[in-house]
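Chains C and S supply the protein sequences, listed in that same order.
Here our numbering is used: position 93 in the first sequence is 93, and no number is missing along the way.
Here our numbering is used: position 51 in the second sequence is 51, and no number is missing along the way.
Derived from the structure by calculation, the hints contain no laboratory data.
Since we're looking at a predicted model, the values are computed, not measured.
Heads up, some of the hints might be wrong.
Part of the chain S face toward chain C, derived, beta carbon under 7 angstroms [as the list claims (entries may be wrong)]:
1. Y27
2. R29
3. V33
Okay, the calculated bits of chain C under chain S, using three or more residues with CB under 8 angstroms as the criterion [as the list claims (entries may be wrong)]:
4. 5-14
5. 50-59
6. 100-113
All C-beta atoms in this analysis are idealised placements derived from N, C-alpha and C, irrespective of residue type, glycine included.
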Amino acid sequence: MEFFVNAFLLALLAATTIAIVRMRRLIATTMLFGIFSLLMAAVFVVLDAVDVAFTEASVGAGISTILMLATLAICGAKQESVPRKQLPAIIVVVVTGAVLLWGVSGLPDVGDPTAPATTHVYKRYVEESGTEIGVPNIVTSVLASYRGYDTLGEVAVIFTAGLGIICLIGAGTGQQRRRRNGNDSGDDV
Amino acid sequence: MFVVVTVALLVTMGLALARAIVGPTLYDRILAVNTFGTKTVLLIAVYGYLTERPDFVDIALVYALINFIGTVAVLKFFESGEFAHSWRERRERVEAGDTGDDD
Chain C
1 MEFFVNAFLL
11 ALLAATTIAI
21 VRMRRLIATT
31 MLFGIFSLLM
41 AAVFVVLDAV
51 DVAFTEASVG
61 AGISTILMLA
71 TLAICGAKQE
81 SVPRKQLPAI
91 IVVVVTGAVL
101 LWGVSGLPDV
111 GDPTAPATTH
121 VYKRYVEESG
131 TEIGVPNIVT
141 SVLASYRGYD
151 TLGEVAVIFT
161 AGLGIICLIG
171 AGTGQQRRRR
181 NGNDSGDDV
Chain S
1 MFVVVTVALL
11 VTMGLALARA
21 IVGPTLYDRI
31 LAVNTFGTKT
41 VLLIAVYGYL
51 TERPDFVDIA
61 LVYALINFIG
71 TVAVLKFFES
81 GEFAHSWRER
91 RERVEAGDTG
101 DDD
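Excised from the complex, chain C in its bound form:
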């Protein structure tokens, strides 16, 4: 049954992707992106990665859709069809896919007791993190203490990204405010 659910969800995922590629109305594409994220979230849940699924649903289907619609409101929602060379793109995609499949074939099975993830530090985290760190949740103690520097780096990256976005959006609203106070002709920026 799990295999069937997986296969069906992946088939829907493939159909969504093809539709996204072929769609020329960008707002409809945005809607399909939302469906894609929801499908990915369902796949993640089937794969037991509930936290990843949660992030995918909230960021992918929630915030991203809204941000993309806001972008389309500024940029216009029509896609110009440009002549493209398709053969190099197909070659790159096929080679990348082959490399990824080759990489995945080297991964240990799900739940394999001899997998590296369950042999090295896993035991210490499970058995001693409660007394060593004093936090009942193992994931929290790993993220906030054992891998504290890693988390600090991530926070720095996200902070930098946030600063960049604030700079970009701040400039945009100033421009729009000026335009609105001026005439209604609204020249394209």
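Since the structure of chain C is provided, determine the placement of chain S on it from the hints.
This is chain S only, laid out in the frame that chain C set:
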């Protein structure tokens, strides 16, 4: 029992996806995305019982909230165009007659 419900949900998801792809209007697609989100929530809840670990029901509830907020935001955007305070989009919508027909 749960198997039947799961299969029914998967078929419904396929139908909603077909509606989102075929359209023809944007409102069909918004409704399809909303339906799809609801079916995802239900699938996650039912799948928990199917695999005899119903721990994900609360997460499914949070999904339902996100889905609701997202749909309201999208509809507010289409209704008023106020979302990004963009004059251009509003003008384009008025000029295009706001049909939302597909090409």
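Outcome of the hint check:
1. Y27: Violated, because the Cβ-Cβ distance from S:Y27 to chain C comes to roughly 10 angstroms (cut-off 7 angstroms).
2. R29: Hint on S:R29: holds, closest Cβ of chain C at ~4 angstroms, below 7 angstroms.
3. V33: 5 angstroms, holds
4. 5-14: holds (count 4)
5. 50-59: holds (count 5)
6. 100-113: violated (count 0)
Comparing the model with each earlier hint shows violations of hints 1, 6; every other hint is respected.
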